[in-house]
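Build the full structure now, drawing on both the sequences and the hints.
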Amino acid sequence: MTINDFKDKKVTVMGVGLHGGGVGVIKFLAEQGAKILATDLRKEAELKPSLEALAGLANIEYVLGEHRLADFTSADMVIKNPGVASDS
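The working numbering applies: residue 1 is where the sequence shown begins, and numbers increase by one.
If you're looking for bench data, these hints aren't it; they were derived computationally from the structure.
A couple of the hints might just be wrong.
Here are the simulated lysine-lysine pairs, DSS-like style, with alpha carbons at most 25 angstroms apart [as the list claims (entries may be wrong)]:
{"#": "1", "residue 1": "K10", "residue 2": "K35"}
{"#": "2", "residue 1": "K27", "residue 2": "K48"}
{"#": "3", "residue 1": "K80", "residue 2": "K10"}
{"#": "4", "residue 1": "K43", "residue 2": "K80"}
{"#": "5", "residue 1": "K27", "residue 2": "K9"}
{"#": "6", "residue 1": "K43", "residue 2": "K10"}
{"#": "7", "residue 1": "K80", "residue 2": "K9"}
{"#": "8", "residue 1": "K7", "residue 2": "K27"}
{"#": "9", "residue 1": "K48", "residue 2": "K80"}
{"#": "10", "residue 1": "K80", "residue 2": "K27"}
{"#": "11", "residue 1": "K48", "residue 2": "K35"}
{"#": "12", "residue 1": "K27", "residue 2": "K43"}
{"#": "13", "residue 1": "K35", "residue 2": "K9"}
{"#": "14", "residue 1": "K7", "residue 2": "K80"}
{"#": "15", "residue 1": "K27", "residue 2": "K10"}
Spelled out as structure tokens, the structure:
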């Protein structure tokens, strides 16, 4: 896989997070032209610093406060933030 392989791919990022890992991967994917669905069990208010760091980036949809099965099954690729528990 090369960097160009991310362009126009549907990528679900599980765990926007608060410590930078999710933000970093989302920024990278956005810069490569991926269509990102970022999901986190935390709600918007809890993720405010991370969401502010991602403001202005294109092609990002957020699903916050829940994980939906369809967001994972419809993706070309799923990336789990290392801070997300394995049973989440």
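Here is what the structure says about each hint:
{"no.": "1", "hint": "K10 <-> K35", "in the structure": "5 angstroms, holds"}
{"no.": "2", "hint": "K27 <-> K48", "in the structure": "16 angstroms, holds"}
{"no.": "3", "hint": "K80 <-> K10", "in the structure": "14 angstroms, holds"}
{"no.": "4", "hint": "K43 <-> K80", "in the structure": "18 angstroms, holds"}
{"no.": "5", "hint": "K27 <-> K9", "in the structure": "15 angstroms, holds"}
{"no.": "6", "hint": "K43 <-> K10", "in the structure": "22 angstroms, holds"}
{"no.": "7", "hint": "K80 <-> K9", "in the structure": "16 angstroms, holds"}
{"no.": "8", "hint": "K7 <-> K27", "in the structure": "13 angstroms, holds"}
{"no.": "9", "hint": "K48 <-> K80", "in the structure": "20 angstroms, holds"}
{"no.": "10", "hint": "K80 <-> K27", "in the structure": "15 angstroms, holds"}
{"no.": "11", "hint": "K48 <-> K35", "in the structure": "21 angstroms, holds"}
{"no.": "12", "hint": "K27 <-> K43", "in the structure": "20 angstroms, holds"}
{"no.": "13", "hint": "K35 <-> K9", "in the structure": "6 angstroms, holds"}
{"no.": "14", "hint": "K7 <-> K80", "in the structure": "19 angstroms, holds"}
{"no.": "15", "hint": "K27 <-> K10", "in the structure": "14 angstroms, holds"}
When the structure is compared with the earlier hints, no violation turns up for any of them.
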